[in-house]
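**Student:** Protein chains in written order, with this note's numbering: chain A, 1 to 155; chain B, 1 to 343; chain C, 1 to 319.
These aren't lab readings, by the way, just hints derived from the structure by calculation.
Just to be clear, a hint being listed does not mean it is correct.
[Said to hold, decoys possible] Below, simulated DSSO-like cross-link-like pairs (lysine-lysine); rule was C-alpha separation at most 27 angstroms, straight line:
id, chain 1, residue 1, chain 2, residue 2
1, A, LYS98, C, LYS190
2, C, LYS287, C, LYS154
3, A, LYS66, A, LYS16
4, C, LYS144, C, LYS154
5, B, LYS8, B, LYS174
6, A, LYS98, A, LYS123
7, C, LYS88, C, LYS287
8, C, LYS112, C, LYS88
9, C, LYS159, C, LYS205
10, A, LYS98, C, LYS287
11, B, LYS8, B, LYS227
12, A, LYS66, C, LYS205
13, B, LYS72, A, LYS16
14, A, LYS66, B, LYS83
15, C, LYS226, C, LYS88
16, B, LYS227, C, LYS4
17, B, LYS8, B, LYS177
18, C, LYS190, C, LYS112
19, B, LYS72, A, LYS66
20, C, LYS88, C, LYS159
21, C, LYS205, A, LYS98
22, C, LYS205, B, LYS83
23, B, LYS83, B, LYS195
24, C, LYS144, A, LYS98
25, C, LYS190, C, LYS226
26, C, LYS159, C, LYS190
27, C, LYS190, C, LYS88
28, B, LYS227, C, LYS226
29, A, LYS98, A, LYS16
30, C, LYS144, C, LYS112
31, B, LYS72, B, LYS83
32, B, LYS227, B, LYS21
[Claimed, not checked] Pairwise CB distance ranges, derived in the manner of DEER restraints:
id, chain 1, residue 1, chain 2, residue 2, range
33, B, LEU275, C, TYR224, 48 to 56 angstroms
34, A, PRO41, C, ASP313, 53 to 61 angstroms
35, B, GLU194, C, GLU133, 36 to 44 angstroms
The C-beta atom is built at its ideal place from N, Cα and C for all residues, glycine as well.
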Amino acid sequence: MASESSDEGGNGYEPKILVFACNWCSYAGADLAGVSRLQMPANCRIIRVMCSARVRPEFVVTALSKGLDGVLVLGCHPGDCHYSEGNYFTRRRGLLLKNLLQFVGIEPERFQVRWVSASEGAKFADTVEQVTEQIRALGPNRPRSGNQSAEPGDR
Amino acid sequence: MDRQKISKADLGRWLDTIAGKYELIGPTEDEDIIQFGPVQSSAELTLDYANSLIPPKSLFFPPVESLFAFRKRGKEIQLEETKPLQQDRVIFGIRNCDVGSLSLLDRVFCDDLEDSYYRERRERTTLIALACPTPPRSSCFCTTFGIDPLSPAGSDILLTDVGDVYLVDAVTDKGEKLVALGEDLFVSLTEGEEKELQPPPVDMPQLDVGGLRERLETLWEDEYWDKLSLPCLGCGICTYVCPTCHCFDISDVGSTADGVRYRCWDSCMYNDFALMVSGVNPRPSKRERTRNRYFHKFSTFPSRYGTGYACVGCARCLVHCPGGVEITEVIKDISAKEGVSDR
Amino acid sequence: MEDKLQELVVELLGDGAMEYFIGYRQGFEPSHVVPCFVTDQSEADRLIWGPLCLQNLSKYVLQARDLDGKVGLLVKGCDARAIVELVKQHQIERDRVVVVGVPCEGQVDPRKLEQVLGVPMEQVIDVEDAGDEFLVTVGSEVRKIGKEQVLRDKCFFCKHPASFDYDYTLGEVQPFTIDGDSEEYDAVEKLEGLPLEERRAFWQKQFERCIRCNACREVCYGCYCKECIFDRTAPRWLDRPPLLRENEMYHLIRAVHLAGRCIDCGECERVCPVNIPLGRLYKKLQKDIAELFDYEAGMEYDTVPPLVDFELDDQDPFL
Numbered sequence: 001m002a003s004e005s006s007d008e009g010g011n012g013y014e015p016k017i018l019v020f021a022c023n024w025c026s027y028a029g030a031d032l033a034g035v036s037r038l039q040m041p042a043n044c045r046i047i048r049v050m051c052s053a054r055v056r057p058e059f060v061v062t063a064l065s066k067g068l069d070g071v072l073v074l075g076c077h078p079g080d081c082h083y084s085e086g087n088y089f090t091r092r093r094g095l096l097l098k099n100l101l102q103f104v105g106i107e108p109e110r111f112q113v114r115w116v117s118a119s120e121g122a123k124f125a126d127t128v129e130q131v132t133e134q135i136r137a138l139g140p141n142r143p144r145s146g147n148q149s150a151e152p153g154d155r
Numbered sequence: 001m002d003r004q005k006i007s008k009a010d011l012g013r014w015l016d017t018i019a020g021k022y023e024l025i026g027p028t029e030d031e032d033i034i035q036f037g038p039v040q041s042s043a044e045l046t047l048d049y050a051n052s053l054i055p056p057k058s059l060f061f062p063p064v065e066s067l068f069a070f071r072k073r074g075k076e077i078q079l080e081e082t083k084p085l086q087q088d089r090v091i092f093g094i095r096n097c098d099v100g101s102l103s104l105l106d107r108v109f110c111d112d113l114e115d116s117y118y119r120e121r122r123e124r125t126t127l128i129a130l131a132c133p134t135p136p137r138s139s140c141f142c143t144t145f146g147i148d149p150l151s152p153a154g155s156d157i158l159l160t161d162v163g164d165v166y167l168v169d170a171v172t173d174k175g176e177k178l179v180a181l182g183e184d185l186f187v188s189l190t191e192g193e194e195k196e197l198q199p200p201p202v203d204m205p206q207l208d209v210g211g212l213r214e215r216l217e218t219l220w221e222d223e224y225w226d227k228l229s230l231p232c233l234g235c236g237i238c239t240y241v242c243p244t245c246h247c248f249d250i251s252d253v254g255s256t257a258d259g260v261r262y263r264c265w266d267s268c269m270y271n272d273f274a275l276m277v278s279g280v281n282p283r284p285s286k287r288e289r290t291r292n293r294y295f296h297k298f299s300t301f302p303s304r305y306g307t308g309y310a311c312v313g314c315a316r317c318l319v320h321c322p323g324g325v326e327i328t329e330v331i332k333d334i335s336a337k338e339g340v341s342d343r
Numbered sequence: 001m002e003d004k005l006q007e008l009v010v011e012l013l014g015d016g017a018m019e020y021f022i023g024y025r026q027g028f029e030p031s032h033v034v035p036c037f038v039t040d041q042s043e044a045d046r047l048i049w050g051p052l053c054l055q056n057l058s059k060y061v062l063q064a065r066d067l068d069g070k071v072g073l074l075v076k077g078c079d080a081r082a083i084v085e086l087v088k089q090h091q092i093e094r095d096r097v098v099v100v101g102v103p104c105e106g107q108v109d110p111r112k113l114e115q116v117l118g119v120p121m122e123q124v125i126d127v128e129d130a131g132d133e134f135l136v137t138v139g140s141e142v143r144k145i146g147k148e149q150v151l152r153d154k155c156f157f158c159k160h161p162a163s164f165d166y167d168y169t170l171g172e173v174q175p176f177t178i179d180g181d182s183e184e185y186d187a188v189e190k191l192e193g194l195p196l197e198e199r200r201a202f203w204q205k206q207f208e209r210c211i212r213c214n215a216c217r218e219v220c221y222g223c224y225c226k227e228c229i230f231d232r233t234a235p236r237w238l239d240r241p242p243l244l245r246e247n248e249m250y251h252l253i254r255a256v257h258l259a260g261r262c263i264d265c266g267e268c269e270r271v272c273p274v275n276i277p278l279g280r281l282y283k284k285l286q287k288d289i290a291e292l293f294d295y296e297a298g299m300e301y302d303t304v305p306p307l308v309d310f311e312l313d314d315q316d317p318f319l
């Protein structure tokens with residue numbers, strides 16, 4: 001199917017990871033990492049949001065169910081949210097969602113939340129590196145087609 | 001073909017022979033639910049059931065099926081048709097209410113607008129109906145709609161349990177072909193047996209549906225629908241368990257460059273079923289949608305397709321409706337001679 | 001109890017205190033109980049009460065919001081949690097509903113009863129509460145069944161709002177207690193204890209059966225969005241076809257949208273036509289929310305729902 005992320009098995013599997021980065025801290029941190037010419041794997045696709053609290057659970061669930069290999073939500077450190085409180089909500093929601101995903105059998109590394117500030121270019125690069133390798137080690141997120149036909153001729 | 005019999009012990013052997021040549025589908029139990037599903041051997045079947053929850057219309061008109069796949073390569077669009085069936089099939093254990101529903105669905109999918117997916121499934125499937133255990137479930141009312149739980153009409157073979165054996169009525173070529181597979185397992189009845197081996201008569205309350213349609217058609221603006229729709233949750237369960245309901249939605253999954261076009265079940269009880277792009281909704285509230293449902297079953301479907309009422313009395317809807325809306329009550333209410341009774 | 005209820009409803013309808021009353025009545029067979037909308041005094045004698053009155057009727061309150069007058073509702077203590085939440089979530093004004101509380105000593109799970117009796121529910125004529133037992137009339141025989149054998153799972157851990165302001169009660173409405181040897185989150189913990197792959201296989205098997213009839217959503221008191229996210233076409237979060245991945249999304253997203261609001265009424269699981277154990281999914285979130293945020297939905301009017309609240313020292317496993 002079109003939006004399935006990666007080739008099955010073996011060599012040549014490159015995980016596709018979706019990153020939500022909040023405008024004021026983590027996106028700026030990402031920018032700093034870029035300007036500082038820090039090396040990091042190129043598997044992440046970044047979507048900028050104004051605040052990490054903008055990330056609704058359906059963003060994460062849809063991404064994983066449709067076959068993206070991982071989702072990473074980056075926000076300001078708790079206490080430093082540009083909007084004062086947003087990331088406190090992210091913290092609560094993220095924890096519940098992470099537990100729920102794990103409960104239905106999705107590897108916990110596939111959904112992560114990290115706090116990256118605007119001055120932490122190095123942390124951004126390290127986070128990307130770490131998360132990419134963790135998710136790479138898990139293998140492709142098998143698209144869940146089950147026994148109902150997702151492809152013609154399956155039935 | 002004359003009536004024959006097969007012993008209960010031999011039924012499994014015959015079905016296993018069938019499973020060797022066809023895809024055998026029959027009633028199975030999983031998580032307390034009876035479903036019609038493919039089996040490798042007769043051992044996987046259950047005979048301890050009244051009827052399946054999801055009706056066997058799902059085997060001809062599935063809850064989801066891919067119609068075709070498409071791929072865009074440059075300026076060219078490649079289409080890949082889906083083959084509905086890999087193998088000819090035999091469905092064992094279907095009840096006469098559901099057999100009756102297939103005749104109604106045939107009007108929709110096989111008449112002037114032919115649906116090749118449904119049609120192929122219908123043509124390549126042989127039906128072995130299993131007469132209902134008597135007494136039928138207390139909720140059943142198929143005889144109200146002219147269905148006989150003990151008749152082979154509409155199926156290819158009818159099996160009737162009469163104690164140690166099943167009576168076997170093969171009434172079509174397809175049916176006879178299957179019986180031939182069993183060869184020595186089938187024995188013709190002696191004259192004595194013809195008289196002796198009879199199932200008990202069906203004892204089922206029958207509702208009076210004489211003049212139902214005419215009376216219903218006078219009630220379009222009646223307040224009855226406001227009251228009836230109060231407990232309705234618009235959940236759609238009635239549609240999904242009904243053997244004659246056939247509304248569907250079509251949608252593409254994937255991207256415009258690479259995807260699959262699906263057909264899937266839909267329900268007119270949903271708020272957005274008739275909602276149009278302009279924002280206009282001809283059935284904006286539960287009142288209109290509930291009214292529409294009963295009009296469809298008892299007026300518009302018969303009128304459109306020249307059939308009897310589009311209900312087979314299987315009672316699934318009234319058993320499973322969380323709001324307790326009961327089609328039998330609706331029929332009684334409409335038929336009450338003094339006009340609609342105060343419910 | 002039924003007489004008291006019927007008299008009360010006749011009185012309230014006569015006074016014009018409410019436009020209609022929502023209770024329970026018998027359906028097509030004795031063991032089948034369905035919602036009853038009493039719009040006229042003459043219909044009040046249809047109202048019943050018993051251990052098979054399983055529905056949580058609070059959802060119907062939402063459709064009564066457009067009425068000029070009030071609507072009356074029969075609630076078990078557990079159902080009253082929905083009223084608390086609806087008021088907290090600003091979906092109804094408390095004084096639009098005339099809440100009649102009924103004492104409940106535990107409800108019967110029909111599936112369990114069928115197993116214990118060995119006969120289908122259609123042969124059950126009556127179920128009566130008798131202290132530690134239920135008196136079950138099957139045909140002409142009355143059988144005594146120990147409550148713990150056939151009780152609904154949630155009744156073992158009966159929860160009522162801390163102190164609810166019933167407009168009327170038909171007796172003393174308080175939580176039901178029974179000695180059982182299970183713990184509230186046993187089913188959840190059992191799944192948590194399985195290896196990841198087995199958990200995944202379990203849930204995939206469940207979600208595959210889903211036909212996306214949406215009954216779980218329609219019956220849920222907490223699903224009241226004017227336009228459900230799953231019905232939206234722009235953006236299109238979910239496609240209609242009941243493919244496994246779509247079904248998975250549906251259930252996970254609905255569960256998270258109800259996090260902190262689910263009152264464990266069990267309606268979603270009860271109405272599911274393919275018997276998906278939705279309760280276990282929602283119970284997992286309830287467990288986490290109770291442990292992490294010390295909160296249970298529907299218990300008190302003046303507590304803040306956990307997902308619109310925070311503490312500075314909330315658990316933070318994120319680096």
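**Student:** Now tell me, hint by hint, if it's right for this structure.
**Tutor:** Hints, one by one, checked against the model:
no. : hint                                     : result
1   : A:LYS98 to C:LYS190                      : holds (18 angstroms)
2   : C:LYS287 to C:LYS154                     : holds (14 angstroms)
3   : A:LYS66 to A:LYS16                       : holds (12 angstroms)
4   : C:LYS144 to C:LYS154                     : holds (21 angstroms)
5   : B:LYS8 to B:LYS174                       : holds (22 angstroms)
6   : A:LYS98 to A:LYS123                      : holds (22 angstroms)
7   : C:LYS88 to C:LYS287                      : holds (21 angstroms)
8   : C:LYS112 to C:LYS88                      : violated (35 angstroms)
9   : C:LYS159 to C:LYS205                     : violated (31 angstroms)
10  : A:LYS98 to C:LYS287                      : holds (14 angstroms)
11  : B:LYS8 to B:LYS227                       : violated (50 angstroms)
12  : A:LYS66 to C:LYS205                      : holds (18 angstroms)
13  : B:LYS72 to A:LYS16                       : holds (23 angstroms)
14  : A:LYS66 to B:LYS83                       : holds (25 angstroms)
15  : C:LYS226 to C:LYS88                      : holds (18 angstroms)
16  : B:LYS227 to C:LYS4                       : holds (25 angstroms)
17  : B:LYS8 to B:LYS177                       : holds (20 angstroms)
18  : C:LYS190 to C:LYS112                     : holds (20 angstroms)
19  : B:LYS72 to A:LYS66                       : holds (21 angstroms)
20  : C:LYS88 to C:LYS159                      : holds (18 angstroms)
21  : C:LYS205 to A:LYS98                      : holds (21 angstroms)
22  : C:LYS205 to B:LYS83                      : holds (25 angstroms)
23  : B:LYS83 to B:LYS195                      : violated (47 angstroms)
24  : C:LYS144 to A:LYS98                      : violated (46 angstroms)
25  : C:LYS190 to C:LYS226                     : violated (37 angstroms)
26  : C:LYS159 to C:LYS190                     : holds (22 angstroms)
27  : C:LYS190 to C:LYS88                      : violated (33 angstroms)
28  : B:LYS227 to C:LYS226                     : holds (22 angstroms)
29  : A:LYS98 to A:LYS16                       : holds (19 angstroms)
30  : C:LYS144 to C:LYS112                     : holds (14 angstroms)
31  : B:LYS72 to B:LYS83                       : holds (21 angstroms)
32  : B:LYS227 to B:LYS21                      : violated (54 angstroms)
33  : B:LEU275 to C:TYR224: 48 to 56 angstroms : violated (18 angstroms)
34  : A:PRO41 to C:ASP313: 53 to 61 angstroms  : violated (35 angstroms)
35  : B:GLU194 to C:GLU133: 36 to 44 angstroms : violated (52 angstroms)
Hint compliance for this structure: hints 8, 9, 11, 23, 24, 25, 27, 32, 33, 34 and 35 are broken, all remaining hints hold.
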